[in-house]
Structure formats: C-alpha cells, structure tokens
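> Protein chains in written order, with the working numbering: chain X, 1 to 155; chain E, 1 to 736; chain F, 1 to 267.
FYI, nobody ran anything at the bench for these hints, they're computed from the structure.
In this text, a Cβ means the ideal position worked out from N, Cα and C, and glycines have one as well.
Take every hint as true, because none was put in to throw you off.
Here are a few chain X residues that sit away from chain E, every Cβ distance over 12 Å (derived from the structure):
#, residue
1, Ser2
2, Thr6
3, Ala55
4, Ala115
The calculated DSSO-like cross-link candidates involving lysine-lysine, where the alpha carbons are at most 30 Å apart (straight line), are:
#, chain 1, residue 1, chain 2, residue 2
5, F, Lys85, X, Lys126
6, E, Lys276, F, Lys21
7, E, Lys589, E, Lys506
8, X, Lys68, F, Lys55
A short list of chain X residues far from chain F (calculated; beta carbon distances all over 12 Å):
#, residue
9, Asn29
10, Lys83
11, Pro86
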Amino acid sequence: MSYTLTVNGRERRVESGDPDQPLLYVLRNALGFTGPKFGCGLGQCGACTVIADGAPIRSCQLPISATKGMKITTIEGLGTAEKPHPVQAAFIAEAAAQCGYCTNGMVMTSAALIAQNPKPSLDEIKQALAGNLCRCGTHDRVLRAVLRATGGQKK
Amino acid sequence: MNAPFSRRAFLKSTGALVVALGAPEAGFAQVAGAAGLAGRVLDPALVDAYLALHPDGSVTIYCGKVDLGTGLRIAIPQMAAEELGIGLEKIRLIEGDTALTPDQGSTAGSTGVPRGGVQIRQAAATAREALMRLGAERLGISLGEVEAKQGEVRPKQGGAGIGFGDLIGDRQFALKLDPKAPLRNPDDYILVGKPLRRPDLPAKVFGTHPYIHNLRVDGMLHGRTVRPPAVEARLVSVDESSIAHIPGAKVVRIENFLGVVADDEWDAVRASRALKADWEMRDSLVGNEAVRQSMRAGPFESDETLMKKGDAPSVLAAAGDRLRAEFYWPVQTHGSMGPSCAVADVRDGKATIWTASQATHRFRFAFAHFLGLPDEAVRLIYVDGAGCYGMNGHDDAAADAALMSRAVGRPVRVQWMREDEHRFDPKGPPQLLALEGALGDDGKIAAWRTQMWIPKATASLPNVPLLGPQAAGAKQPLGLSTGLISQNASPPYAVQNVEVLAHWLKDAPLRPSNIRAPGKIANIFAVESFTDELAVKAREDSLAFRLASLQDPRGIEVLERAAALIAWQPRPSPGPGGIGRGLAYVHYKDSENYVAIAMEAEVDRETGVIRVRRVACAHDCGLMVNPDGVKAQVEGNILQTLSRSLFEEIKFDRRGVTSADWASYPILTFPDVPELLIDLVQRPHEPPLGAGEAASAPVAAALANAVHDACGVRLRTVPFTRDRVRAALAGEGKSG
Amino acid sequence: MYAFEYVRANSVRGAASALAKHEDGKILAGGHTLLPTMKQRLASPSALVDLGSIKDLAGIEQRGRSLLIGAMTTHAAVAASDVVKTSIPALAEMAHMIGDPAVRNRGTIGGSIANNDPAADYPAACLALNAIIVTNQRKIPAGEFFKGLYETALEPGEIIVRIAFKPPSRAAYMKFRNPASRFALVGVFVAKKGSDIRVAVTGAGNQGVFRWKAAEEALAKRFNPKSLDGLKADAGIMNADIHASADYRAHLVAVMTQRAVAKALGK
Numbered sequence: 001m002s003y004t005l006t007v008n009g010r011e012r013r014v015e016s017g018d019p020d021q022p023l024l025y026v027l028r029n030a031l032g033f034t035g036p037k038f039g040c041g042l043g044q045c046g047a048c049t050v051i052a053d054g055a056p057i058r059s060c061q062l063p064i065s066a067t068k069g070m071k072i073t074t075i076e077g078l079g080t081a082e083k084p085h086p087v088q089a090a091f092i093a094e095a096a097a098q099c100g101y102c103t104n105g106m107v108m109t110s111a112a113l114i115a116q117n118p119k120p121s122l123d124e125i126k127q128a129l130a131g132n133l134c135r136c137g138t139h140d141r142v143l144r145a146v147l148r149a150t151g152g153q154k155k
Numbered sequence: 001m002n003a004p005f006s007r008r009a010f011l012k013s014t015g016a017l018v019v020a021l022g023a024p025e026a027g028f029a030q031v032a033g034a035a036g037l038a039g040r041v042l043d044p045a046l047v048d049a050y051l052a053l054h055p056d057g058s059v060t061i062y063c064g065k066v067d068l069g070t071g072l073r074i075a076i077p078q079m080a081a082e083e084l085g086i087g088l089e090k091i092r093l094i095e096g097d098t099a100l101t102p103d104q105g106s107t108a109g110s111t112g113v114p115r116g117g118v119q120i121r122q123a124a125a126t127a128r129e130a131l132m133r134l135g136a137e138r139l140g141i142s143l144g145e146v147e148a149k150q151g152e153v154r155p156k157q158g159g160a161g162i163g164f165g166d167l168i169g170d171r172q173f174a175l176k177l178d179p180k181a182p183l184r185n186p187d188d189y190i191l192v193g194k195p196l197r198r199p200d201l202p203a204k205v206f207g208t209h210p211y212i213h214n215l216r217v218d219g220m221l222h223g224r225t226v227r228p229p230a231v232e233a234r235l236v237s238v239d240e241s242s243i244a245h246i247p248g249a250k251v252v253r254i255e256n257f258l259g260v261v262a263d264d265e266w267d268a269v270r271a272s273r274a275l276k277a278d279w280e281m282r283d284s285l286v287g288n289e290a291v292r293q294s295m296r297a298g299p300f301e302s303d304e305t306l307m308k309k310g311d312a313p314s315v316l317a318a319a320g321d322r323l324r325a326e327f328y329w330p331v332q333t334h335g336s337m338g339p340s341c342a343v344a345d346v347r348d349g350k351a352t353i354w355t356a357s358q359a360t361h362r363f364r365f366a367f368a369h370f371l372g373l374p375d376e377a378v379r380l381i382y383v384d385g386a387g388c389y390g391m392n393g394h395d396d397a398a399a400d401a402a403l404m405s406r407a408v409g410r411p412v413r414v415q416w417m418r419e420d421e422h423r424f425d426p427k428g429p430p431q432l433l434a435l436e437g438a439l440g441d442d443g444k445i446a447a448w449r450t451q452m453w454i455p456k457a458t459a460s461l462p463n464v465p466l467l468g469p470q471a472a473g474a475k476q477p478l479g480l481s482t483g484l485i486s487q488n489a490s491p492p493y494a495v496q497n498v499e500v501l502a503h504w505l506k507d508a509p510l511r512p513s514n515i516r517a518p519g520k521i522a523n524i525f526a527v528e529s530f531t532d533e534l535a536v537k538a539r540e541d542s543l544a545f546r547l548a549s550l551q552d553p554r555g556i557e558v559l560e561r562a563a564a565l566i567a568w569q570p571r572p573s574p575g576p577g578g579i580g581r582g583l584a585y586v587h588y589k590d591s592e593n594y595v596a597i598a599m600e601a602e603v604d605r606e607t608g609v610i611r612v613r614r615v616a617c618a619h620d621c622g623l624m625v626n627p628d629g630v631k632a633q634v635e636g637n638i639l640q641t642l643s644r645s646l647f648e649e650i651k652f653d654r655r656g657v658t659s660a661d662w663a664s665y666p667i668l669t670f671p672d673v674p675e676l677l678i679d680l681v682q683r684p685h686e687p688p689l690g691a692g693e694a695a696s697a698p699v700a701a702a703l704a705n706a707v708h709d710a711c712g713v714r715l716r717t718v719p720f721t722r723d724r725v726r727a728a729l730a731g732e733g734k735s736g
Numbered sequence: 001m002y003a004f005e006y007v008r009a010n011s012v013r014g015a016a017s018a019l020a021k022h023e024d025g026k027i028l029a030g031g032h033t034l035l036p037t038m039k040q041r042l043a044s045p046s047a048l049v050d051l052g053s054i055k056d057l058a059g060i061e062q063r064g065r066s067l068l069i070g071a072m073t074t075h076a077a078v079a080a081s082d083v084v085k086t087s088i089p090a091l092a093e094m095a096h097m098i099g100d101p102a103v104r105n106r107g108t109i110g111g112s113i114a115n116n117d118p119a120a121d122y123p124a125a126c127l128a129l130n131a132i133i134v135t136n137q138r139k140i141p142a143g144e145f146f147k148g149l150y151e152t153a154l155e156p157g158e159i160i161v162r163i164a165f166k167p168p169s170r171a172a173y174m175k176f177r178n179p180a181s182r183f184a185l186v187g188v189f190v191a192k193k194g195s196d197i198r199v200a201v202t203g204a205g206n207q208g209v210f211r212w213k214a215a216e217e218a219l220a221k222r223f224n225p226k227s228l229d230g231l232k233a234d235a236g237i238m239n240a241d242i243h244a245s246a247d248y249r250a251h252l253v254a255v256m257t258q259r260a261v262a263k264a265l266g267k
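Construct the complete structure from the given sequences, taking the supplied hints into account.
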C-alpha cells in the first residue's frame with residue numbers, strides 16, 4: 001500500500017507492506033532521514049522524536065497508516081549548518097552531546113518546547129525533557145543549551 | 001623512502017571513518033570498498049604507523065583507540081598537532097580500523113589519552129625531530145638553529161621556512177618511535193590545554209552524524225537475531241513457514257544460533273517476532289534475589305591476600321568496639337541508548353566488519369578464529385555507535401552479523417532490539433564487601449580489613465566470549481571478563497594495620513564484562529562509606545577526619561577544593577536534618593587521578609525519595625589536554641553513577657534477565673538532575689591520566705554519606721531505591 | 001506485532017460499525033498505550049479503528065455546570081485549556097502530569113479511560129470527580145465504569161464520546177511517579193463537593209483504580225490531612241511488582257492522600 005505524508009516541507013509517497021510499520025522505519029530507510037534514532041521502539045527513551053503538526057511525538061510509536069496528512073519535521077528539517085535552529089546553535093555552543101545518540105530527541109523536544117513556551121524555567125525544561133533518556137550524562141549541558149537558546153542563564 | 005599511496009587513493013579505497021578537523025563541520029568521509037591497503041605500516045614501534053604527512057601539508061593520524069563520545073577525537077589531534085607544530089585544521093584522524101591503524105589496545109580503562117594519545121604524541125615528537133633534521137639540512141643551517149612551527153621547519157632567527165609537506169610529502173619516515181624524542185615544554189603549549197570544540201558536535205546536533213546504525217552497503221540485508229527465551233536454551237525446531245508471509249524473510253540457523261534476514265528492516269523485525277521456534281529451556285541462573293547469598297557460598301576459585309600491612313586481624317580482635325559492615329553492589333547493564341549494531345560482509349574467504357567496538361584490534365583475532373579465516377583476511381572498521389561504557393553488545397552484534405553474512409553470502413546489518421540489549425549485553429558483575437575497622441586512642445583509624453567476594457577474571461582471556469559463536473557451536477576461549485575489579489579496596493589514608501582479602505568466585509551470575517570504572521565504584525562506595533562510619537564513631541567532622549590521615553598533597557587539595565565548593569562547615573554527622581552533605585575521595589587505582597566529591601541531598605522521610613541537590617567535584621587528572629572534554633567526562637561520570645546508585649539493578653530469574661526495557665530498568669531522568677559544581681585542577685607538567693572513569697568512583701559513597709547526614713540512616717545496598725530507604729527509615733538505626 | 005486491518009473512521013457511527021465487523025477490533029485513540037502493548041504481543045487485535053479523523057470527538061466545553069471533554073481530546077489540550085483551569089484546576093494539573101510532552105500530544109482522555117491501565121491518571125480523576133462517561137449508547141457513572149485491570153463496562157462496539165465532570169468545591173491530585181515510565185506508582189485524586197468526599201487511588205491497587213473508603217469517612221468528619229493520621233491503607237489489595245512492594249504502595253497511598261488533602265486546602 002502507498003501512503004502520502006509531508007516530511008520537512010516536501011510531500012512524500014512511500015510504499016509499505018505493513019500498515020503497522022512505525023514511521024521511524026519509514027523515515028530512516030525509505031526516506032533516508034537518519035536523524036531520528038531507534039532507541040527502544042517502546043516510546044520510553046525519546047531518541048526517535050520528530051515533530052508532527054507542531055508537537056513532539058515518538059516516531060517509533062506511530063504506524064505509517066496513521067500519518068495521513070501529517071506534517072512531519074525531522075531534525076534534518078529543523079535546521080542546517082548554514083541555518084541552525086536556535087536550539088541547535090545552543091547545543092553546539094554548550095557542547096551538549098557525548099555519544100550523541102539521544103541528541104535528536106533532546107533537540108526536537110526542546111525545539112517544540114520553546115515554540116510553545118519561549119521562556120521556560122529550568123524546572124519546565126526538566127519536565128519537558130523528562131521522557132528523553134541520556135546515558136552519557138550530558139543532562140546538565142542540555143539544560144544549559146536550552147536556557148541559552150531562550151536567552152536564559154543557568155547559574 | 002617510498003610513497004606507498006596518496007591520500008586520495010586511500011579515501012577511495014577504504015571504508016574508513018575519517019574525521020577532518022579542518023572542515024567547517026565534521027567532515028566524515030565514509031566510503032565502502034575493497035581494501036587496497038598495501039604499504040600501510042601497522043607496527044606500533046614505528047612512527048609511520050601513527051601518522052602520515054602529505055604533500056599538501058596535511059597530516060593523517062592513525063589512532064588505534066576510538067572516540068566513544070568521550071572527546072578523544074579532539075584531544076588526540078590536539079596532542080599530535082602541538083607536538084608536530086602544525087595547525088589543528090591540517091589534521092585528519094582515523095580511528096580503530098584494523099587495516100589502517102596500529103594496535104594500541106582497547107579503548108578502556110581511561111587509557112585513550114594516557115596511553116593512546118601519549119604514544120601518538122611521542123610519534124609526533126619523533127617525526128618533528130626528523131623533519132627538523134631534514135629542514136636544517138635543506139636550509140643549510142644547524143639543527144639547533146631551526147624550529148618546527150605552523151607546519152614548517154624554519155630558522156629560529158626568522159626567514160623563510162620549508163613546509164612539512166615539502167620535506168616529507170607522503171614518504172615514510174621509516175623511523176622507530178623514539179621514547180627520548182624531546183617533548184615541547186608545556187609552558188609553550190598553543191593547542192594542548194585549550195577547551196577546543198569537538199569536530200563531531202555539529203553533525204550530531206544536525207542529525208547527520210554517521211553512526212553505525214546508519215551505515216548501508218551495497219547488496220546488504222537486514223538481520224535480526226532471535227535470542228532464546230532462556231540463557232543457554234537449546235533450539236529444538238524452527239517453523240520456517242511461520243514467516244512465509246513476510247516478503248524476502250529468511251531464517252538463518254546454525255545449531256542454537258537463530259536469526260532472520262530480509263531486504264527491508266521492518267520486515268526483518270516482523271519476521272523475528274513472528275518466527276515460531278521451539279526451545280528446550282534451562283534453569284541455569286541463580287536469580288537476582290539469591291545472588292548475595294550465593295556469593296558467600298561459592299564455589300570459589302581461590303582466596304588471595306591483596307594487601308597486608310601491620311597486623312590488622314590482631315588489632316581488630318583486640319579492639320573493644322570494632323565496626324563491621326557489609327556492602328553490596330548489584331548486577332548492572334551498560335544501558336547504551338542505542339541497541340548494538342554492526343554490518344558484516346563475510347564472503348570469498350574474507351571478512352569486513354563495520355563495528356562500534358571498543359577493541360577492534362583485539363576482536364579481529366576473535367572473529368578470524370570463529371570464522372575460521374586467517375587473521376589477515378579479517379578487517380574490522382570502527383564506526384561510531386551509541387555510547388558504551390565498557391564492553392556492551394557491540395561485539396556480539398558484530399558476531400551475529402558475521403555469522404548471518406557468512407550463511408547468506410551477502411553483507412548483513414544486524415541491529416539489536418531494546419530487549420536484546422537489556423537482556424544480553426554482558427553485565428557489570430555484582431560485588432559484595434565486608435569491612436571491619438577500629439579506631440585508635442588518637443581517634444584515627446588503627447586497623448582495617450576488607451573482604452571482597454567477587455568473580456575471578458579468567459587469566460589471559462583475550463576477550464568477552466561472544467554469544468553468537470557460542471550458540472553456533474564455534475570454538476572460542478571461554479571464561480570471565482570483568483576488568484580490574486579488586487582495585488581501590490583499601491583506605492586511601494595512613495592506616496598502620498590493613499588487610500585486603502579477595503574471595504575469588506568461580507562464576508558470575510550473568511556473563512560479565514568491564515563496566516565503567518570496573519569494581520572501583522563499588523569498592524570506593526564501601527571504603528568511603530565505612531570511613532564515614534568510623535568518622536561518625538570518632539565524633540569527628542568527616543572532612544577533618546580524612547585530612548588528618550592523608551599525606552598526599554594532591555589528594556588533600558581535591559578534598560579541600562570539593563568541600564569549599566559547597567561551603568563545607570565542620571561538624572560531625574549526622575546533621576540536624578534537612579539537607580545533608582557527604583564527601584568521598586579516591587586516588588584512582590592508587591596511582592592515577594585524585595578525585596573528591598562533596599554532595600548535598602535531602603530525604604523525604606515519608607516516601608523515601610532521595611533528592612540530590614548539588615554535586616561538587618574537584619578533579620585532578622594531571623595534564624588536561626582538553627579541559628572541556630575532561631569536564632564533560634566528569635559530568636557524565638557523576639550523573640551516570642548517580643543513576644546507577646539510585647535506580648539500577650538488573651533483575652533476573654532462573655532463565656534470564658527480566659529487566660528488559662527502560663520501564664523495568666529505570667535510569668536517571670532530567671527531573672532528578674542536580675546542580676553540578678566542577679573544579680578542574682590543571683597540571684601542565686604532570687602526565688595526563690585520562691578522565692573517562694575516575695570521577696564515577698566516589699559518587700555512591702558521597703551520596704550514601706549525604707543521606708546518612710540528612711536522616712541518620714546508613715545505606716549499604718545499591719540501588720538506594722525509595723522503598724529501601726523508606727524501610728531503612730522505618731527501622732531507624734538499622735541499615736538499608 | 002501481527003497483521004491487522006486498519007480502519008480510519010470518519011464518524012462515531014462508522015467507527016461503531018467497523019468495530020462490529022471485527023470480533024476483537026480495537027480503537028486507536030492516540031496509540032500511546034495500545035501500540036506498545038501490541039508490540040510486546042500482549043494484544044493482537046484483528047482491526048484497528050482510528051478515531052483520529054472524527055472532528056467533533058475532540059473539544060472542551062463548559063455547558064451550564066458541566067465541564068464536557070471530548071473523548072479524543074489530548075492530555076496536552078486539557079492541560080492547556082483555560083476552560084478546564086477555571087472549572088476544575090486540579091484536572092488541568094493532573095493532565096499536565098501525564099507522561100511527557102510526546103505522550104501528552106498523542107494520548108487522549110477517551111483512550112486513557114477505555115484502556116483503564118491500573119497506573120493511568122484519568123481513572124482516578126473520573127472516579128473522584130464522579131464523572132459521567134458518555135458513549136454512543138448510554139451514560140455510565142465512573143463508579144460503574146471501571147471494572148478491574150484493563151476492564152471497563154464498555155460493550156463491544158461501544159465508543160466513548162465524551163466525559164462530563166461536575167466541578168467540585170475542592171480537589172487535588174498527588175502523584176508519586178514510577179521514575180522510568182512516569183506512570184503513577186501511586187496517584188491519589190481527592191475531591192470534595194459539599195459533604196461528598198471521594199478519594200480515588202490509581203497505580204496501587206491490584207484491581208486497578210479504587211476508592212479508599214476509610215479515608216473518605218475520616219475526611220467527612222473533618223476535611224484535613226490530620227484526620228488521616230495513623231490511617232493505613234490495606235496492603236492486601238495493593239499491587240506488588242518490580243517497582244514497589246505492596247507494603248510500600250500501601251504506605252504511599254496514605255502519604256499521598258494526606259498531601260492531596262493538604263493541596264486541596266491550598267496548604
């Protein structure tokens with residue numbers, strides 16, 4: 001069966017033999033957007049986060065059949081080296097990644113947060129990122145980066 | 001001297017991961033292809049093994065160690081560029097490719113900079129001396145009159161120099177590494193000591209970084225391993241028709257090894273789930289509930305006295321009121337965020353394995369062995385994976401891919417699922433410690449005895465035995481791999497009578513491997529908690545108690561600096577309630593880093609929730625090549641070990657691991673993250689000691705000490721779960 | 001996961017007839033619970049009926065004294081709604097405590113209630129606030145709706161349309177989270193409406209959400225945390241799993257109830 005969805009501003013048509021194929025696999029394999037990562041496939045870690053119609057979602061949980069008409073933004077569509085999103089610029093400035101595997105989810109969740117709440121408090125940022133796991137222990141840098149992106153300062 | 005190959009040819013001909021530090025963004029060239037590597041020098045004794053200078057003035061560094069997210073990718077080029085006298089933008093780094101890089105040992109034990117980097121620095125120094133000789137000759141002046149700076153050899157007095165590229169350009173140095181080649185004076189460092197930005201950051205933040213998980217090679221199939229429901233289960237039968245409805249899906253069965261391959265990744269996942277297989281189960285495990293008792297019971301390999309000073313048993317026996325306490329650290333997983341992944345191409349008597357292994361060189365021999373190929377026919381190419389903190393499942397996934405590729409005659413990419421990673425990565429082994437101590441009349445520690453019950457690492461075991469080959473009936477050396485888990489088991493203070501005994505266990509409850517700061521976290525948890533217990537008994541402030549028996553000035557300095565970060569006020573513990581504070585200190589492996597951690601924590605007495613407010617760390621790892629890289633490692637060590645201390649224990653029953661995801665194996669989340677205060681000591685004239693592990697060692701003890709200071713309860717069993725804390729509070733005075 | 005038919009319904013009626021065609025069809029109302037469950041092979045429906053396209057199923061409205069929330073309203077919408085914040089602020093706060101942003105953006109009130117996960121938050125709110133669950137067939141009081149673990153009074157083909165709440169005079173929700181999943185290890189919703197006091201507990205019970213009657217009686221005498229001093233919840237009806245023992249959950253129920261009462265009183 002074929003499905004049509006909009007990814008990073010471009011309408012894309014994909015074939016899938018299984019309506020239940022999670023969006024993540026479609027993005028990574030059929031469409032070549034490897035920014036979103038497979039971390040758990042269970043909606044527990046946040047590595048696969050993309051923005052759908054303005055809100056962060058877990059792409060490992062969304063079947064391709066449920067994406068009809070959705071506007072998906074992956075990290076590749078959020079910003080580029082030439083035109084970084086403020087959150088991306090701040091992550092680089094704060095060196096907020098070690099292995100970087102969770103970084104996609106951190107960046108996408110934070111970008112969605114500040115779109116809704118341009119001046120989040122430190123606690124609001126922590127709550128927004130509560131479902132994004134990191135194993136290297138970059139949390140403090142991520143918090144600093146999000147504050148930097150919003151013009152705030154971590155003391 | 002000859003010119004074995006040009007850089008362009010090399011880029012075309014290899015599948016190496018190449019980092020160009022000169023590019024505006026991390027420029028990774030990933031080119032898959034056949035190996036055409038004649039002429040590469042790999043002998044670690046030779047300069048050419050580590051670096052090549054090219055006619056355009058650029059330099060390629062060949063590094064046997066790899067960057068696991070830890071920042072070697074900037075630190076090692078900093079060291080090499082500094083020593084050569086060239087800009088960082090001229091450096092390219094190749095990591096961990098067995099066909100291109102010398103074997104510098106595995107990237108473990110914080111050895112990346114102290115051994116890998118230092119070796120490369122010496123190679124660069126040797127090369128620079130050679131370049132200066134060549135330059136002096138060409139300039140017609142004496143060696144004493146030239147210097148190597150900004151990529152050229154030039155007269156010290158000024159005037160035109162000759163670029164490195166012109167002097168050597170792609171020819172080999174054909175020199176032995178000269179251990180006496182003079183190093184630059186740290187006072188003149190231009191690059192080393194600067195917090196320079198890691199080259200891989202932008203690509204990681206823009207989602208374009210080339211992880212192993214993204215690698216696709218021509219003709220590749222996707223594979224999934226179907227692991228047994230019980231450890232060591234025997235595969236009785238497989239119903240291949242159960243996946244007949246999935247296009248292209250195919251079963252790979254080799255004795256008890258079971259996998260599926262398909263053209264499409266999701267089809268491979270679906271097939272692995274749909275495949276019906278009949279397993280003969282085994283109840284081969286002890287179960288997590290019984291681990292502690294089983295460690296006391298044995299069977300034992302041997303008892304070993306690791307330290308004997310004075311006569312601890314007699315002094316303890318004579319002491320009126322000696323303290324005794326038992327500490328337990330559970331089995332834990334590496335918990336990499338991304339499940340292990342690898343791509344293998346095993347065909348025509350050759351094997352190419354793309355892997356995120358920490359130890360490509362070591363595993364090359366293991367792969368050759370179980371594939372039945374000569375060593376020269378096997379090439380392992382390092383590609384970044386999700387962070388690992390010791391040997392996780394990377395090498396198992398690579399072995400799975402190799403077995404499947406050989407079976408189907410095409411390249412196969414294997415990515416583990418989350419449950420594979422949680423259930424089957426090799427685990428950090430459990431540790432049980434019993435401590436005894438007594439105070440002297442002077443209020444200082446008079447005698448100390450540590451007994452440890454720990455699994456014995458198998459002598460000269462080359463690597464962690466791999467699951468796939470084992471299931472497939474392939475021969476491989478078997479045994480336990482644990483890392484050096486008996487270190488740091490004695491007090492780092494002046495004590496006259498000390499005895500440290502290891503009761504070496506024959507077995508570990510689950511396949512073990514080294515996990516960050518192997519053993520040292522649990523040992524320091526016990527040693528530094530117990531030091532606090534003795535300080536409490538002496539009614540002494542725990543900082544003063546430590547300083548009174550510490551002679552090493554670098555140790556004293558970090559303790560004082562960590563305490564100062566949280567404005568430590570001298571008083572005995574426990575405190576008046578509310579916010580508690582605790583300290584812990586390590587002289588890592590009794591010979592490396594000096595780290596002190598001071599921590600503040602509150603305990604909700606009704607629920608047992610521990611809230612860590614602030615963590616302060618003073619850290620001395622000698623020369624810091626890249627202070628921001630060190631800081632990142634210190635932060636990571638602290639937060640990861642807080643997670644391990646507060647939340648983490650692998651649960652398993654008689655058949656296998658039941659903590660199979662992040663819900664059943666919780667880790668630290670953002671709302672739990674405390675404020676971090678980090679004070680790094682820079683010692684330019686000391687050797688670099690690395691920063692990958694040491695700061696994790698004092699974390700659990702500092703936390704336990706802070707909890708005790710806050711509420712009077714002593715926690716001796718990890719993790720400090722909320723119900724455990726609550727139970728300890730309910731039975732006040734008893735320990736948790 | 002197994003193969004199943006996917007049906008995108010455009011109306012409640014269409015959804016009901018699609019469900020009628022498939023014996024063990026399931027409703028997809030966001031998918032944040034059902035899909036992981038299916039992946040772990042705990043559920044294998046023959047059809048998934050997606051309600052995501054039915055426009056009038058989502059929405060929030062104050063009608064007279066009733067707060068009406070459409071079944072497909074997301075947790076994020078409830079949390080952000082000024083109507084909810086004015087009418088029953090504790091409900092908006094509770095919605096904000098669910099999961100993380102990704103979960104709140106996909107998860108819906110109807111999905112949460114229909115699934116009746118023993119650790120979900122909404123069942124406690126519905127029970128404590130004595131909500132009416134309105135389906136395409138009838139109106140069911142919350143007290144009769146939740147029937148045990150993952151079980152409800154819903155009949156095959158019955159679809160939740162909206163939930164009707166009557167604002168209480170005082171209410172508060174206290175949640176003790178599972179550190180990993182952010183589900184409630186114990187969640188207590190306390191509501192006072194005149195002399196009617198309800199204490200609904202989620203996360204703890206071995207049969208799902210329940211009312212803690214002993215606490216309600218104690219609070220009826222005096223609505224104050226002190227009224228609960230010494231009162232213990234029955235560990236015999238508590239769930240025990242790798243996250244917490246039954247004793248610890250029973251203990252937390254009492255602690256969280258006291259804290260919820262204090263919060264309801266603005267303390």
